[in-house]
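Put together the whole structure using the sequences plus the hints.
There are 2 protein chains.
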Amino acid sequence: MKFELKGSDKGSKARAGVLHTDHGIIETPIFMPVGTAGSVKAVHQRELRDDIAAQIILGNTYHLYLRPGLDIIQQAGGIHKFNGWEFPILTDSGGYQVYSLSGVRKIKEEGVTFQSHIDGSKHFFSPETAIDIQRTIGADIIMAFDECTPYPCDYTYAKNSMDMTHRWLERCCNRFDNTSSHYGYEQTLFPIVQGSTYNDLRKQSAETIASFERDGNAIGGLSVGEPAEMMYEMTDKVCAILPTDKPRYLMGVGTPENILECIALGIDMFDCVMPTRNARNGMIFTTEGIMNMRNEKWKDDFNPIDTSLGGHVSTQYSRAYLRHLIVSKEILGAQIASIHNLTFYLWLVTEARNQILQGNFVDWKNDMVKKVTTRL
Amino acid sequence: MKFELKGSDKGSKARAGVLHTDHGIIETPIFMPVGTAGSVKAVHQRELRDDIAAQIILGNTYHLYLRPGLDIIQQAGGIHKFNGWEFPILTDSGGYQVYSLSGVRKIKEEGVTFQSHIDGSKHFFSPETAIDIQRTIGADIIMAFDECTPYPCDYTYAKNSMDMTHRWLERCCNRFDNTSSHYGYEQTLFPIVQGSTYNDLRKQSAETIASFERDGNAIGGLSVGEPAEMMYEMTDKVCAILPTDKPRYLMGVGTPENILECIALGIDMFDCVMPTRNARNGMIFTTEGIMNMRNEKWKDDFNPIDTSLGGHVSTQYSRAYLRHLIVSKEILGAQIASIHNLTFYLWLVTEARNQILQGNFVDWKNDMVKKVTTRL
Chain A
-9 MKFELKGSDK GSKARAGVLH TDHGIIETPI FMPVGTAGSV KAVHQRELRD
41 DIAAQIILGN TYHLYLRPGL DIIQQAGGIH KFNGWEFPIL TDSGGYQVYS
91 LSGVRKIKEE GVTFQSHIDG SKHFFSPETA IDIQRTIGAD IIMAFDECTP
141 YPCDYTYAKN SMDMTHRWLE RCCNRFDNTS SHYGYEQTLF PIVQGSTYND
191 LRKQSAETIA SFERDGNAIG GLSVGEPAEM MYEMTDKVCA ILPTDKPRYL
241 MGVGTPENIL ECIALGIDMF DCVMPTRNAR NGMIFTTEGI MNMRNEKWKD
291 DFNPIDTSLG GHVSTQYSRA YLRHLIVSKE ILGAQIASIH NLTFYLWLVT
341 EARNQILQGN FVDWKNDMVK KVTTRL
Chain B
-9 MKFELKGSDK GSKARAGVLH TDHGIIETPI FMPVGTAGSV KAVHQRELRD
41 DIAAQIILGN TYHLYLRPGL DIIQQAGGIH KFNGWEFPIL TDSGGYQVYS
91 LSGVRKIKEE GVTFQSHIDG SKHFFSPETA IDIQRTIGAD IIMAFDECTP
141 YPCDYTYAKN SMDMTHRWLE RCCNRFDNTS SHYGYEQTLF PIVQGSTYND
191 LRKQSAETIA SFERDGNAIG GLSVGEPAEM MYEMTDKVCA ILPTDKPRYL
241 MGVGTPENIL ECIALGIDMF DCVMPTRNAR NGMIFTTEGI MNMRNEKWKD
291 DFNPIDTSLG GHVSTQYSRA YLRHLIVSKE ILGAQIASIH NLTFYLWLVT
341 EARNQILQGN FVDWKNDMVK KVTTRL
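Residue numbers (our numbering), protein chains in the order written: chain A, -9 to 366; chain B, -9 to 366.
I should point out that these hints are in silico values taken from the structure, not numbers from a laboratory.
One thing to keep in mind: the hints can contain errors.
If several chains are the same, the list does not tell them apart, and a pair holds so long as it fits within one copy or across any two.
To be verified - Quick list of in silico lysine-lysine cross-link-like pairs, DSSO-like style, CA-CA up to 30 Å:
hint	residue 1	residue 2
1	K289	K31
2	K289	K71
3	K71	K319
4	K287	K361
5	K112	K289
Quick caveat: nothing in here was measured; it's all calculated off a predicted structure.
Right, here's the structure in full:
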């Protein structure tokens, strides 16, 4: 999997690149809509492609493994054939959901035993099974199996967990390098930096992860409740160590402000449920700020949601209509808000890329941060 | 509002026509998707137009009156401007929902007092307010305020209720004829035949309703739990009396079979929540029969949902994927199933129209009834 750097910002560590996959290219910095169970909630695949201009989406190994299950995905010919999304897909390793969603779980050196949140059935994930499962799902980019520590996390736990994540990475790489894609196209494995909020652990982890020399590198264990400044500090430290000629993926981040600040620190790839989850609760991100559609003030605002984006839903439907749908719990409200927010997120990273290439990123970013944090 | 008969079937009472409104033409027989609160659930307006080929949608006065409320719709410039659907809209009078959804309600000669199912607030609908409200909502076709009797219903109640519905119609017509459209385009009022399942009452009601000589006529109080044969018998009796040169609308009907049989009896317009409500529960109507997507048998069926329809969702997504989404309660499952079912319903009435015009309706209908009632 080839990554080309197309330009770097002079005033920050922001970069613009192109990642080549067998399902098409990804222009970075990029935001990846989250398609948990093989569907970006409330959004058609056609809308992802034509309206939102998504270039890559994410799937959750934990969810896909439990439902529809590997036999179905294998029979379909992989996740792209199963859900009809013909462009790149990234899967996480399942670890994060095992920790956050499942009931009883036991983390041991060998792997993690957990109960399905759906039917309570028992399952076991290890570095090896996580690779096997992701080979079967068939994502273009697959993630190493790690432990994502919570915040706050005491130093000893964070260090021991990080060490285990590093040992697990060795096992992931062995399994990955001794198996091959099931469906004829290339897959690649990204390792994940851990180390909680400790400078020395993050440094050690970044150095270890970099030493594996994979096609790209990820940063995990952030955006789990720590202050934003701490997240930026850790991201900055880790980016300084991770190689510049490979894409850097900051997992689970974040708000529009977080994304802009972390692009400035050298991050190339992002994913987050925020644009879709918050959409379903009526929170709309626009080029001028954040709108809570449950607020009375929108009830008679017949302007389009956000004309500057130019997308179908953002210009066709009015704020008053969207508010009505959200308040009335109409499914169409979730659909409009989700498409709008994702269109905004993709616009944001595309515009960031343009500004990096034009050499005006920092000024634009500082101006945009003010706007995107404004409550309208 | 002009209605042109384009052709009549020789083997049945089926007709093909064109209804002209200021928001465009409606080719009959037609099915009208139900957009209760100003949105056809889980379907974008663009999809209604481009994928489903809907020509007219229905809105519920009761819901729209309570939420977003008349002031908002009036300020928006009417329902078309509010929800962005530029084609014809029909509103019911609110009566049916008052009886079925609201809590405490009191029916008197003057009108009906009821409590909102949303917040328990008290409201009053009368023939006059029902017209005023529908004038404000701004539908192209507005319905008279009636009492929809339940099934079974004793003769005395059915007769008294029908008589009141007729007196209410007089008041509706007076109010309608002494007011005008708020938004510059034509509105028309359809009266409603009642009379429960009693032949003499239905005859009397149809004669009374016909005598008002409105632009179109509706049949209410059917498809409320009575056997299908009884519904067909009443529909047949009423159609024989209602004028042939005006459209006939059978309210709240029905299954694909019901629609085909009632087209054969001379009905021109239908509406029903079935294609969208059942879609959300995983029931799919196809040209070959009914599929319950919760059934295990679809879990590894990677064929398109129904290629014969040619629509975007029906050919792009597989049965296995749709089943996965429905079982996983993913919103996209409701979206795909709703678009598919509505596409099928619109295909069914369009094809019925073609067959009527080609003189082959009865053979085709008998063949289709077998297919659409098959459990796949």
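Hints versus structure:
In the homo-oligomer, the alpha carbons of K289 and K31 lie at most 30 Å apart both inside one protomer (25 Å) and across protomers (20 Å), since each shortest distance falls under that limit. Taking identical chains as interchangeable, the C-alpha atoms of K289 and K71 lie at most 30 Å apart only when they sit on different chains, with a minimum of 14 Å there against 42 Å within one chain. Taking the shortest alpha-carbon separations for K71 and K319, only the inter-copy value of 21 Å comes in at or below 30 Å, while the best intra-copy value is 32 Å. Taking CA atoms no more than 30 Å apart as the test, K287 paired with K361 passes inside one copy only; the shortest distance there is 19 Å, against 51 Å between copies.
For the identical chains of this complex, K112 and K289 are inter-copy neighbours only, at 22 Å across copies versus 48 Å inside a copy, given an alpha-carbon limit of 30 Å.
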